[in-house]
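Chemist: Sequence:
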Amino acid sequence: MYKVILLNIADSDVSSFIRKLQELFSNKKSSSAPHITLRSPYRSKPSPVIVDRLNSFVNNIHTAQIDGVDMFANGVEYFVYFKVSIKDLELVSWKRDFPRN
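Here the sequence shown stands for residues 0 to 100, numbered as in numbering that gives the first Met the number 0.
Because the hints were derived from the structure by calculation, they are not lab data.
In this text, all values refer to a predicted model and were calculated from it rather than measured experimentally.
A virtual CB, placed ideally from N, CA and C, is assigned to each residue, including glycine.
One or more of the hints may lead you astray.
As the list claims (entries may be wrong) - Pairwise CB distance ranges, derived in the manner of DEER restraints:
1) Asp-12 <-> Asp-69: 35 to 41 Å
2) Phe-78 <-> Val-48: 17 to 23 Å
3) Val-13 <-> Phe-56: 31 to 37 Å
4) Asp-51 <-> Lys-27: 19 to 25 Å
5) Asn-54 <-> Ser-14: 25 to 31 Å
6) Lys-27 <-> Asn-59: 32 to 38 Å
7) Gly-74 <-> Glu-22: 23 to 29 Å
Unchecked claim - With a straight-line cut-off of 25 Å between C-alpha atoms, the simulated DSS-like cross-links for lysine-lysine are:
8) Lys-28 <-> Lys-82
9) Lys-82 <-> Lys-19
10) Lys-82 <-> Lys-27
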């Protein structure tokens, strides 16, 4: 099973807004909390050093811009997601299966 590093959304208003949208437009409840996928997929558990460095980096980011909605499929399921711009995260984000445009 692949591993993923996520940036959880701590702002309760934003998190609540995303959950309400999920309930409104989906016929199933999400099993995961609202988040931004930072790095994926890893074949094994990422080093705690990587997680600590990313944590230190993102603790100084306080704004994000929603640039629309898009979707992708993993061969089994379809996922609808917000396209989010956080300029500083481009320095640390990596998703092997989702190259940047």
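Chemist: Each hint: holds or not?
Modeler: Verification of the hints:
1. Asp-12 <-> Asp-69: 35 to 41 Å: Cβ of Asp-12 to Cβ of Asp-69: about 23 Å, so the range 35 to 41 Å is violated.
2. Phe-78 <-> Val-48: 17 to 23 Å: This hint is violated: roughly 29 Å between Cβ atoms.
3. Val-13 <-> Phe-56: 31 to 37 Å: Given a distance of about 20 Å, which is not inside 31 to 37 Å, the answer is violated.
4. Asp-51 <-> Lys-27: 19 to 25 Å: 34 Å, violated
5. Asn-54 <-> Ser-14: 25 to 31 Å: With a Cβ separation near 19 Å, Asn-54 and Ser-14 fall outside 25 to 31 Å, so the hint is violated.
6. Lys-27 <-> Asn-59: 32 to 38 Å: For Lys-27 and Asn-59 the Cβ distance comes to about 35 Å; the hint holds.
7. Gly-74 <-> Glu-22: 23 to 29 Å: Holds, at about 26 Å.
8. Lys-28 <-> Lys-82: Cα-Cα ~21 Å, so holds.
9. Lys-82 <-> Lys-19: 18 Å, holds
10. Lys-82 <-> Lys-27: Since the Cα atoms of Lys-82 and Lys-27 sit roughly 21 Å apart, the hinted pair holds (cutoff 25 Å).
Of the numbered hints listed earlier, those contradicted by the structure are 1, 2, 3, 4, 5.
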